[in-house]
Amino acid sequence: MTKETDLSWVKSAVDATSKLPPPEVETVRPEVRTGTTIPNLNADREVNRFTTGRLIVDWGYSITKGQESNFMARLATLDAKLRSTIAGPGLIYRGTYAVVISADKGCGDFRTVWELERYGNIEDLIESSGPRELVDFRQLIQDLRDPHCGWTQTVLREFIGPPGNP
Amino acid sequence: MSYRNAYYRRIDGVRVTGVEGFGIGFVYTPRKPQLYSLNVTTLAILDLCDNTSFEELERRFMALAAAKVDSEETARQHLRSGLEQLQAAGIIELVTDAQVPDVGGVTDDNSMNGG
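Heads up: the protein sequence lines correspond to chains A and B, in order. For the first sequence, my numbering begins at 487 and goes up steadily by one. For the second sequence, my numbering begins at 20 and goes up steadily by one.
In short, the hints are calculated from the structure, not lab data. It should be emphasised that the depicted structure is a prediction, and the values quoted were computed from it without experimental measurement. Any given hint could be a false lead.
Covered stretches of chain A (in silico footprint by chain B; criterion: 3 or more residues with CB under 8 angstroms from a CB of chain B, positions within the stretch not fixed) [unchecked claim]:
(1) 607-613
(2) 627-634
Ranges between beta-carbon positions, derived for each pair [said to hold, decoys possible]:
(3) A/Val585 <-> B/Thr48: 50 to 56 angstroms
(4) B/Phe73 <-> A/Arg580: 54 to 60 angstroms
(5) A/Val641 <-> B/Lys51: 52 to 58 angstroms
C-beta atoms are modelled at their ideal positions from N, C-alpha and C, and glycine is treated no differently.
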């Protein structure tokens, strides 16, 4: 965010635009997000006897139309670094995926998946002083994400682990 | 009645926050509590509304935007549409520093007093 009422950057933004869009003043309607559910945190629930404790975090988002190639190019450079740097302990980058088929209309065209050791590692994902690659990845999404589409975050807890896991 | 001088200006108390990286801005109008989002064209018009006459607005907007639209007429349409939307939302207002009668020298007060 820039300083309040400071519009000195607008001229540069106009200069950077290839074609100026028609003027648009849109009413912003508040969105009350009461849809979040946390069904699996109650330790007394029978289901928790089976969970392994590993957590999967899924970010869903869309990229601004026309910026997909730019996104792919920048991600191609960043992805390998993320896989080698954000590789645990605590937080692991599991990759970024394009949605091929989905019945969920609100989760966007791309998913980025993280594996966490514990809930506290969610903070590692948003820590401003985190690894350079993570900061760059968040910046990449911030730069190219379609602001008109939704942003989702889903936290999954592994129910039954791979064979041989305690 | 006719307007001798009319100027566009931002209404007192209106708060503007720009999101530079996205080329958009958010505006809050406290008199009629409402939040609006503005695209870069509307922000450019709003930025020019600083007690500015329409003629001056047009001159400055054309200098800024003429090369970024198909024609000068499109730029003028953008300006008029932007001003209308900003006024309708209560973000800017048109003010006059003098309103004078069409027939000079005769005021309502004089008429009431029998001239």
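Index of numbered hints that the structure contradicts, given in increasing order: Hints 1, 3, 5 not satisfied by this model.
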